[in-house]
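Student: Position chain B relative to chain A; hints supplied.
There are 2 protein chains.
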Amino acid sequence: VTAAYSIGLDIGATKILGCVVDSAGRIIRQETVPTPLTDTASIEDALVEVTRSLLAHHVVEAVGVAVAGWVDKTRRSVLFSAHLPWRSEPLADRLSARLDLPVVLENDANAATWAEFQFGAGKPFRDFVVVTVGSGIGAGIIAGGQLLRGAHGLAGELGHAVVDPEGPECPCGRRGCLDSLASGRALQRRFQMLRAAALVADGESSLLDGNHMPGAAIAAAARSGDPLALQAFADVGRALGRGIADLVMYLDPAAVILGGGVAAAGELLRVPTDASLRQCLGTRNRSARTHILISPLSAVAGAIGAAHLASTHHQASDLHPA
Amino acid sequence: VTAAYSIGLDIGATKILGCVVDSAGRIIRQETVPTPLTDTASIEDALVEVTRSLLAHHVVEAVGVAVAGWVDKTRRSVLFSAHLPWRSEPLADRLSARLDLPVVLENDANAATWAEFQFGAGKPFRDFVVVTVGSGIGAGIIAGGQLLRGAHGLAGELGHAVVDPEGPECPCGRRGCLDSLASGRALQRRFQMLRAAALVADGESSLLDGNHMPGAAIAAAARSGDPLALQAFADVGRALGRGIADLVMYLDPAAVILGGGVAAAGELLRVPTDASLRQCLGTRNRSARTHILISPLSAVAGAIGAAHLASTHHQASDLHPA
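Note that the protein sequences, when read in sequence, are chains A and B.
In this text, residue positions in the first sequence follow my numbering: the first is 11, and each later residue adds one.
In this text, residue positions in the second sequence follow my numbering: the first is 11, and each later residue adds one.
Rather than coming from a laboratory, the hints here were simulated on the basis of the structure.
The structure presented is a predicted model; accordingly, all values stated were derived computationally and were not measured.
Check the hints yourself; a few may be wrong.
If several chains are the same, the list does not tell them apart, and a pair holds so long as it fits within one copy or across any two.
Calculated pairs, SDA-like style, for lysine to any residue (alpha carbon to alpha carbon, straight line, at most 25 Å) [unchecked claim]: (1) K83 <-> T293; (2) K25 <-> S145; (3) K25 <-> A206; (4) K133 <-> G155; (5) K133 <-> Q289; (6) K83 <-> N295; (7) K133 <-> A274; (8) K83 <-> L303; (9) K133 <-> G154; (10) K83 <-> E54; (11) K83 <-> G292; (12) K133 <-> V310; (13) K83 <-> H301.
Here chain A stands alone, though its shape is the one from the complex:
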């Protein structure tokens, strides 16, 4: 009897995370390599490199890849990604041929949602949503105990819901998308804007540096009581709650779990998001309460979920026929 290990890969904007994961969702080993920003071949090479490095230490039965983009219903191809150069790329078959292992793909927010369902904050629920707040915003949906993938595998696109039609322009062509008001990038922009306004008001505009402070530093400033950092989290949380409100009315989840890098700020993000959601939902709360929770898995949820989906893909295929 061999231990049932699988590998989960999560392709982030700056780095690729590779994890060997056991059947209980525990990470046995993890490595990262920088994400090549050049061409599809370089990213594929990096995925193979980190996987082979992990395979030098462990025997695994399958590889799952979490992708920031649209994965087709059969989990074999990347249809489109805003940040990666793939267009209808048969990535699973290409990796499988090079690694001589079964490979499945899944959208990163869906993979993280699956991890929360199996091992994280979603375990008690059959109906919940995971909203990943990283450099962009994604969502995954568990409905009736199943991952809701939709007719083409594209369900859970939350980032480009319009929260404020008068809001900032988004590269997608709309204005005031949730992505442009409540993502990690939006938090950085909001904090810098508040700081610039304060420096100008104090006659200290010479101190303006034009650089965005990383989200973790804004969270640290907020924890030490910086009023502008607290305000930035309040503003982002208000927009996030408004975007989540529509999703809650459509899906009636028992909980919304906040994951991704920005959710590592914990209560700083959860409290204003929750208050905004309550306000939007109004009297509905008397009949049905949706709880806002913070993911315990956070940055590794995508890799764990992809690994678990890969290891159970035959069963998963039975549950979710294409």
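Tutor: Chain B alone, transformed into the frame defined by chain A:
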């Protein structure tokens, strides 16, 4: 062997429709009584009256009731209705005791969605949405071949999604809800407003009567080429497409089926809704196409769906544990 008939009741704003339905979803007999607008006891009496009248002709195994309101997860109680006086009313048990038959409740949009899935335009799909455009707007969701009911049974609330934050005030407290821009009432208001503006422009404001023309009459006017009636459908369709766009991004359905009274206008509603949806979704259509269809069941879908849910409730309970 007895024929497997069941009764479906649909409580509308003006009338209660009662149907005896066979196991293939065909209506064997139907009757209507006016909806009492006074108190809960009178509505309950009317439901019993129409059911007993149908029972005088047919033996049935169960009764399903489609309710314009929130039905709890167990399908026993009406939690809330905007138009009916029930608040946490154990309607199923009360009717069951009086009729000596099993009774189940379901939200009217969910019941209509179930009918489309079993017998209507949803038969070819495992992932689709029904948007009912009547005096108000409701939605029902089939995801992965199951009715998506949510954690508390309240999934599918589409009417109060905000489409235009600068739009008209809604009784729900928000502005520019889909309900206030794309329902049957919104169509009537829009047509009257366009007509009033045209009469004033022509110096014929003395002809203003202040009465809303029924939706069917506006549809007839549009079919005979009335430019204002065509414009009213174009405006309602544009708002409807915008509201549906978010739902499509979240759920990725293969189709959105338009039902309810206003959808009886067919292409008059479908064409502008489809054009608006395409515009909102932009390049997404290259990867995934969501079709807009018109319900073939229309006004009787709620009653047929409620009847079928009642007849198969034990199996349905297995599929959708509370």
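Student: Would you pick out the hints that fail for this structure and give their numbers low to high?
Tutor: 3, 5
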